[in-house]
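Turn these sequences into a full structure, and let the hints steer you where they fit.
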Amino acid sequence: MISASSPEPAPGRTKLAIRGLSMMFRGADAEVRVLEALDLDVREGEFVCILGPSGCGKSTLLNIVAGFLPPSSGTVRIDGEEVRGPDPRRIFVFQERGVFPWLTVEGNIGFGLGRLPKTERGKRIRHYVRLVGLEGFEKAYPHELSGGMKQRVEVARALAVDPDMLYLDEPFGALDSITRLEMRRELLRIWQAEKKTILFVTHDIEESVQLADRVVVLSARPARIRRIVEIDLPHPRDLSSRRYLELRDGIFEEIGLAHRV
Amino acid sequence: MTDPETKHRPAAPALASRLLPLAGIALLLLLWDLAIRFSRVPLLPGPLAVARAIGELAQKGFLFKHVVASLFRVTWGYLLAVAVGVPFGILLAWYRRGGLALAPLVEVVRPISALAWIPLAILWFGVGDLSSVFIIFVASVFPLAVASMSAVEGVSTTHWNAGRNFGLTPGEIARRVLLPAILPRLLVGLRLALGIAWLVVVAAEMIAVDSGLGFLIIDARNAGNRYDLVVAGMVLIGTIGLALDAAMRGIERLPALRWGYAANVSAEAA
Numbered sequence: 001m002i003s004a005s006s007p008e009p010a011p012g013r014t015k016l017a018i019r020g021l022s023m024m025f026r027g028a029d030a031e032v033r034v035l036e037a038l039d040l041d042v043r044e045g046e047f048v049c050i051l052g053p054s055g056c057g058k059s060t061l062l063n064i065v066a067g068f069l070p071p072s073s074g075t076v077r078i079d080g081e082e083v084r085g086p087d088p089r090r091i092f093v094f095q096e097r098g099v100f101p102w103l104t105v106e107g108n109i110g111f112g113l114g115r116l117p118k119t120e121r122g123k124r125i126r127h128y129v130r131l132v133g134l135e136g137f138e139k140a141y142p143h144e145l146s147g148g149m150k151q152r153v154e155v156a157r158a159l160a161v162d163p164d165m166l167y168l169d170e171p172f173g174a175l176d177s178i179t180r181l182e183m184r185r186e187l188l189r190i191w192q193a194e195k196k197t198i199l200f201v202t203h204d205i206e207e208s209v210q211l212a213d214r215v216v217v218l219s220a221r222p223a224r225i226r227r228i229v230e231i232d233l234p235h236p237r238d239l240s241s242r243r244y245l246e247l248r249d250g251i252f253e254e255i256g257l258a259h260r261v
Numbered sequence: 001m002t003d004p005e006t007k008h009r010p011a012a013p014a015l016a017s018r019l020l021p022l023a024g025i026a027l028l029l030l031l032w033d034l035a036i037r038f039s040r041v042p043l044l045p046g047p048l049a050v051a052r053a054i055g056e057l058a059q060k061g062f063l064f065k066h067v068v069a070s071l072f073r074v075t076w077g078y079l080l081a082v083a084v085g086v087p088f089g090i091l092l093a094w095y096r097r098g099g100l101a102l103a104p105l106v107e108v109v110r111p112i113s114a115l116a117w118i119p120l121a122i123l124w125f126g127v128g129d130l131s132s133v134f135i136i137f138v139a140s141v142f143p144l145a146v147a148s149m150s151a152v153e154g155v156s157t158t159h160w161n162a163g164r165n166f167g168l169t170p171g172e173i174a175r176r177v178l179l180p181a182i183l184p185r186l187l188v189g190l191r192l193a194l195g196i197a198w199l200v201v202v203a204a205e206m207i208a209v210d211s212g213l214g215f216l217i218i219d220a221r222n223a224g225n226r227y228d229l230v231v232a233g234m235v236l237i238g239t240i241g242l243a244l245d246a247a248m249r250g251i252e253r254l255p256a257l258r259w260g261y262a263a264n265v266s267a268e269a270a
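Chains as they are written, first to last, in my numbering: chain A, 1 to 261; chain B, 1 to 270.
Rather than coming from a laboratory, the hints here were simulated on the basis of the structure.
Just so you know, even glycine gets a beta-carbon here, dropped at the ideal spot from N, CA and C.
Incorrect hints may appear among the rest.
To list a few chain B residues with every Cβ distance to chain A over 12 Å, as calculated [stated by the list, open to error]:
| # | residue |
| --- | --- |
| 1 | Leu19 |
| 2 | Leu199 |
| 3 | Ile218 |
| 4 | Asp219 |
Stretch by stretch, here's where chain A covers chain B in the computed footprint (C-beta under 8 Å, at least three residues) [what the hints assert, rightly or not]:
| # | region |
| --- | --- |
| 5 | 155 to 166 |
| 6 | 179 to 186 |
The calculated label-pair distances, taken between Cβ atoms and stated as ranges, are [what the hints assert, rightly or not]:
| # | chain 1 | residue 1 | chain 2 | residue 2 | range |
| --- | --- | --- | --- | --- | --- |
| 7 | A | Ala174 | B | Pro21 | 35 to 43 Å |
| 8 | A | Ala174 | B | Gly250 | 28 to 36 Å |
| 9 | B | Leu44 | A | Ala28 | 54 to 62 Å |
| 10 | B | Leu105 | A | Leu116 | 44 to 52 Å |
| 11 | B | Trp94 | A | Gly85 | 12 to 20 Å |
| 12 | B | Pro21 | A | Ser72 | 54 to 62 Å |
| 13 | B | Ser17 | A | Gly133 | 36 to 44 Å |
| 14 | A | Gly85 | B | Gly128 | 49 to 57 Å |
| 15 | A | Phe252 | B | Gly171 | 45 to 53 Å |
| 16 | B | Gly250 | A | Leu116 | 34 to 42 Å |
Listed below in structure tokens is the structure:
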């Protein structure tokens, strides 16, 4: 799928290893179990979707992996090293809410580049502005942009620091369906061009089958891994092919949804 | 994949928004004048008498003196309050435990009217400028502390996390995330507190000072019932208060701060 012309190790090496991960929150009068004994390996350069019903704890899982939350038990290792906090090598892309409203498009994209010399910084900003198609909006503030454009600013800000992993938490959930499709195509293009390992949380079955190499299907709370579905379809994916529909319906069934409206 | 779809606000009808307030003021002055002319009892000097009184003050050089004296006290009391209240509020919110310990204290002291501090102010600072400045300080420092505290608490977790994610040191997070994030709310707090500081200037100048608009009002009544001067003082206080408020609103409209309003509106709509 991706040509292995990069100097990085060939795909197949384990990037992320989650072992026995559990999470509990102390509620008003009882402990709420959110994640239960999760084990998951993600290979370098892989695109993995975490799929589950709303409120099942998939965002919590992503926040733990990103180092924003310490788990109740279990470990998260990246490149063999235990995660103890957020790290600029792995950037979390929130929904569009993550852009800094007080900075322009340029300011946002350059946010993580404070340590670079000015000319290099400007060059990178220009590169990523072009990559996400925001030329002409460099000086615009987020409140002047549409939701899709803000989302692209966030993706560009994440990519600009050249991380080796991206964590995306339902990043396109707030967009209209046309923009959403466009953003998915963009993300795949960027993923193939920049060879990042991507962890993508969604509750949208179609989205997961369109994007991922593997879909990790979680159960309702407390979340356990129900099944991991290998999506053996080449990109660009034909959304009316028999295999696509087969995989999609398989997941629909797995989650227990009859897919009739 | 360029989409030129950007959001624009409808431009305010500039002329109408400028003329209508002026028309309102003109109407008020007219009604005031008519009411005075048709009433038999001298409840209030008319607008012309007040205008003449202001002219008289200006001619004798008192106008400038009183205005400057009041602004001087308010500036000092307010700046001291900003220097103490804003960092205090930010720290209370930043260090949760400190906040939990001290926030109730702030909430208890805050509703005590600044006027109640006058006896203590005189005890501590004697009669004079220092006491007036202290009253203005006390009146504005607690609203500022509370406004700063809630501004910090209003910073979204997403923005904190984004700042941490990019490997910023705590100092950088304070400067590049915290400060810009709280600025719009903080400015609203600063504006309201300036209003309060100006509001208590009359009370603060009752403490045996010999200048200022508050003194002018008390003095005009005591020395010969010059109610035209009393109302002139009131009009001046109102006008200067309006100008201060407008200046602060001007700062709030800077482009780097405009987002605060857009963000607040969408947060309320959500």
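Here is how each hint holds up against the structure:
At roughly 29 Å from the closest C-beta of chain A, the C-beta of Leu19(B) stays outside 12 Å, upholding its exclusion from the interface. Leu199(B), annotated as away from the interface, keeps every beta carbon of chain A farther than 12 Å; the closest lies near 31 Å. Distance to chain A confirms Ile218(B) as a non-interface residue, since its nearest Cβ pair spans about 45 Å, more than 12 Å. With a least CB separation of 48 Å from chain A, Asp219(B) remains clear of the 12 Å interface cut-off, as annotated.
With a cut-off of 8 Å between beta carbons, the region 155 to 166 of chain B has 8 residues touching chain A; three or more are needed, and the interface restraint holds. With a cut-off of 8 Å between beta carbons, the region 179 to 186 of chain B has 3 residues touching chain A; three or more are needed, and the interface restraint holds. As the Cβ distance of Ala174(A) to Pro21(B) is approximately 39 Å, the hint placing it in 35 to 43 Å holds. Between Ala174(A) and Gly250(B) the Cβ separation comes to about 34 Å, which falls inside the hinted range of 28 to 36 Å.
Range check, Leu44(B) to Ala28(A): about 59 Å between beta-carbon atoms, so the 54 to 62 Å window is met. Range check, Leu105(B) to Leu116(A): about 46 Å between beta-carbon atoms, so the 44 to 52 Å window is met. Between Trp94(B) and Gly85(A) the Cβ separation comes to about 18 Å, which falls inside the hinted range of 12 to 20 Å. At roughly 60 Å, the beta-carbon separation of Pro21(B) and Ser72(A) lies within the given 54 to 62 Å, and the hint holds.
Evaluation of the 36 to 44 Å hint for Ser17(B) and Gly133(A) yields a pass: the beta carbon distance comes to about 37 Å. At roughly 55 Å, the beta carbons of Gly85(A) and Gly128(B) sit within the given window of 49 to 57 Å. A hinted range of 45 to 53 Å for the beta carbons of Phe252(A) and Gly171(B) is consistent with their spacing of about 50 Å. With their beta carbons about 36 Å apart, Gly250(B) and Leu116(A) fall inside the hinted range of 34 to 42 Å.
Taken one by one, the earlier hints all hold for this structure without exception.
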